[in-house]
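S.K.: Listed below are the residues making up each chain.
Protein chains: 2
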Amino acid sequence: MLRGRDGGADFALFTDLYILTMLQAYVRKGMAETAVFDFFIRRLPRRWNYVIACGIADVLHFVENAHFSEDALVYLSSLGHFSQEFLDYLAGFRFTGDIYALPEGSIAFPSEPLLEVVAPLPEAQLVETFLINQVHFQSLMASKAARVVRAAAGATVVDFGSRRAHGTDAAIKGARAFHVAGVAATSNVFAGRQYGLPVRGTMAHSYVQAHDDESEALRHFAALYPETVLLVDTYDTLAGVRKVVALAEEMGKDFAVRAIRLDSGDLGALAHAARRVLDDAGLHRVEIFASNSLEEYAIADLVRRGAPIDGYGVGTRMSVSSDAPTLDCAYKLVEYAGKGRMKLSAHKTSLPGRKQVYRQCERGAFARDVIALADEPSAGAPLLVPVMRNGARLPAGRDDVTAARERAHRHREFLPPRLHSLDEAQPPYEVALSEGLSALRDRLGAELAKGAGS
Amino acid sequence: MLRGRDGGADFALFTDLYILTMLQAYVRKGMAETAVFDFFIRRLPRRWNYVIACGIADVLHFVENAHFSEDALVYLSSLGHFSQEFLDYLAGFRFTGDIYALPEGSIAFPSEPLLEVVAPLPEAQLVETFLINQVHFQSLMASKAARVVRAAAGATVVDFGSRRAHGTDAAIKGARAFHVAGVAATSNVFAGRQYGLPVRGTMAHSYVQAHDDESEALRHFAALYPETVLLVDTYDTLAGVRKVVALAEEMGKDFAVRAIRLDSGDLGALAHAARRVLDDAGLHRVEIFASNSLEEYAIADLVRRGAPIDGYGVGTRMSVSSDAPTLDCAYKLVEYAGKGRMKLSAHKTSLPGRKQVYRQCERGAFARDVIALADEPSAGAPLLVPVMRNGARLPAGRDDVTAARERAHRHREFLPPRLHSLDEAQPPYEVALSEGLSALRDRLGAELAKGAGS
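Same order as they appear, the protein sequences are chains A and B.
For the first sequence, the residue numbers in our numbering are 1 to 454.
For the second sequence, the residue numbers in our numbering are 1 to 454.
In short, the hints are calculated from the structure, not lab data.
Being a predicted model, the structure only gives us computed values, none of them experimental.
Just so it is clear, CB atoms sit at the ideal spot from N, CA and C, and this is done for glycine as well.
Be aware that one or more of the hints could be misleading.
Just some of the chain A residues that point at chain B, by a computed CB distance under 10 Å [unchecked claim]:
#, residue
1, L13
2, Q125
3, I132
4, L224
5, S319
6, V320
Generate the whole structure from the sequences, applying the supplied hints.
M.R.: The following block contains the structure:
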């Protein structure tokens with residue numbers, strides 16, 4: 001069975017081949033001293049001002065359970081790259097290290113570790129592909145959804161994205177990430193069950209089309225689901241609204257339809273016109289729900305135009321984050337055998353050493369973050385917390401989607417108002433490096449630049 | 001265990017809630033006559049000239065196995081929308097219908113059904129969410145990869161996209177779709193095993209960084225993997241290349257390194273410079289492999305500049321199809337109870353009736369497609385083939401990634417040359433409607449327009 005939560009013997013094979021070839025080299029040479037890897041966002045997408053950390057629970061589940069079955073080892077052996085000695089090592093593989101993370105739902109900024117993995121080098125390396133795959137995607141989804149929720153200015157947002165999400169895992173975990181970011185419900189029943197999320201739905205055009213008569217289709221659905229949402233745009237939107245009005249007159253006090261749904265055309269103009277038709281018939285409490293290629297900018301535009309829309313169904317453009325379908329992020333070695341490590345490649349430098357991130361508040365709002373070395377004191381509240389110790393998940397690393405949703409809500413309340421903008425905030429949020437970190441980076445950079453040329 | 005292939009009792013819950021509420025309405029009213037649904041692409045992304053159909057094998061597997069476990073029914077019952085009568089119906093649910101499809105790897109154009117589902121209305125409706133989720137995503141990936149492979153002009157393309165793909169399912173099935181489109185290998189070991197794909201990998205910066213000395217890291221890796229690819233840009237790219245040359249001198253005839261990898265900076269300029277360094281040392285047979293934010297346009301530009309690059313590792317931008325992360329597609333009811341159905345919503349009309357697609361060739365190349373009614377004769381080769389009958393998969397519907405890859409290759413050889421362009425072909429490929437289909441559409445459109453206003 002495909003699960004929203006990945007486990008099972010063979011899932012340790014969800015890795016890039018080079019991870020395993022490097023691992024064999026490490027094992028062969030006995031390079032098993034403690035390594036520290038950071039996962040961080042390098043740069044935000046254009047117009048974004050923050051990300052919401054998400055996906056940590058799935059990473060911890062994977063890390064706790066990653067091991068190699070006999071079948072997996074037979075397959076690896078068939079590739080011709082691996083010695084029996086190394087396959088024996090994999091047969092006994094278990095992650096024994098520590099992980100620190102920003103709790104799910106935390107707001108984060110570029111260069112800050114969202115996760116820090118501290119483990120013997122081969123173990124810290126083995127989890128790389130899955131870790132990036134999940135934290136990148138889920139943080140992307142949560143961050144995109146936070147923008148959509150913000151744009152909706154209090155109106156309900158429902159996830160309709162399952163069909164255009166990139167595969168089943170994206171649909172299921174996307175629904176969870178959207179919920180963390182404040183989306184009210186998902187249409188995906190599997191995700192609803194998996195994570196205990198509210199599930200919601202209306203009706204499809206095919207339902208209306210399967211009937212010979214639109215009015216008959218609406219009547220039938222409202223009889224079965226009195227408090228439903230009726231889709232009115234299969235043929236002609238305002239004619240559809242008038243059919244709902246006729247149905248209300250016909251049903252009298254039994255009419256309890258909660259809303260109509262608009263799914264095509266100029267949603268703002270149609271919402272205004274539909275609202276007038278409904279209000280003229282005294283149907284003030286019938287709400288208007290809108291969908292169709294929506295994202296934060298389209299919704300903000302509808303809000304600005306005063307469109308009388310009470311809820312939004314958001315699909316495709318949220319579920320693939322269409323204007324920013326990836327985050328520029330990395331999982332980088334920052335320390336090995338007690339020595340800071342970094343990379344000098346053009347535009348891809350990393351910050352060395354074990355870290356802590358401190359968040360400083362002023363006048364009741366987040367003012368700046370300081371990325372410091374782990375053992376370096378700093379003002380502010382430390383953000384990275386231990387979520388796994390010696391390969392065992394700690395209470396702070398348990399999967400609690402409700403706590404994550406509350407945290408995301410609370411963090412956004414403390415954001416400086418300019419960061420709520422759908423456009424780039426000026427100035428951007430300040431992320432400073434501590435003295436100790438700056439000094440380590442400068443010293444290592446100079447050493448490496450010298451060594452590289454030699 | 002998460003599998004690349006989705007199955008299991010509970011996976012029938014991978015559906016939008018409204019599908020189930022509509023189903024209950026159909027079951028209640030006895031609306032179980034034969035329905036026909038088409039999955040088709042409405043419009044191509046900007047600059048794209050065709051799509052490659054993919055994902056059909058996973059849909060057939062889902063359809064064959066979709067059923068509701070006791071646990072799933074308990075969950076559905078808890079939602080409060082469903083009667084015991086309907087839950088009993090779901091307990092016995094099995095798909096009993098027929099499916100027609102373009103075989104995987106086929107080239108397709110807008111408005112053409114990639115799949116046509118013919119089944120009792122509730123059954124045809126139940127598979128909607130999963131069907132769209134998979135065929136949309138996998139066709140998107142195959143189509144994007146076909147552009148990348150074309151741009152590479154014969155150089156090898158390897159999938160490095162697992163870490164930025166949207167979740168695990170996207171990474172695994174993306175690797176398969178890329179292979180269908182001509183990508184040579186994937187880095188994802190799980191996908192390699194699942195589908196029997198070639199797996200490839202090189203080394204990461206962290207490997208170099210974990211050593212105190214770059215030369216030592218390269219020496220160690222080449223000793224363990226004589227025919228490996230060495231990454232040279234961790235600190236200074238050309239200094240890294242010179243270290244490979246020094247290693248070659250040191251190892252003498254034992255030096256068998258296959259290639260170096262460039263992963264940052266101006267890949268074209270660095271490839272030229274690295275080639276000179278290698279050639280000056282007599283290392284003519286050491287190839288150059290390039291990666292870093294590549295997609296079809298960047299690769300085409302490198303090819304145009306004559307960059308001496310033998311292979312490309314393509315990740316992020318292919319695995320999310322970054323410039324076109326979705327296809328505009330739909331799964332629409334086109335016939336119910338023997339009567340054609342369509343929708344008139346603005347910009348979202350559909351073509352009614354059961355269909356066949358005929359492809360006509362002229363002078364050894366595809367010349368035009370005709371979308372006709374299923375029982376309407378036409379010139380050309382029919383493209384839709386039966387892949388499932390009475391709920392059982394037919395031989396044509398078996399999962400054969402090699403056949404799909406060969407079909408995709410063959411179809412592209414028959415494409416008119418202008419369609420290979422990375423820009424919009426002028427004129428676009430001709431897709432005509434048959435007389436019968438046009439007449440049905442016009443007749444139904446007129447009827448509906450009249451009915452909608454009434």
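S.K.: Which constraints among the numbered hints does this structure fail? Numbers only, ascending.
M.R.: none
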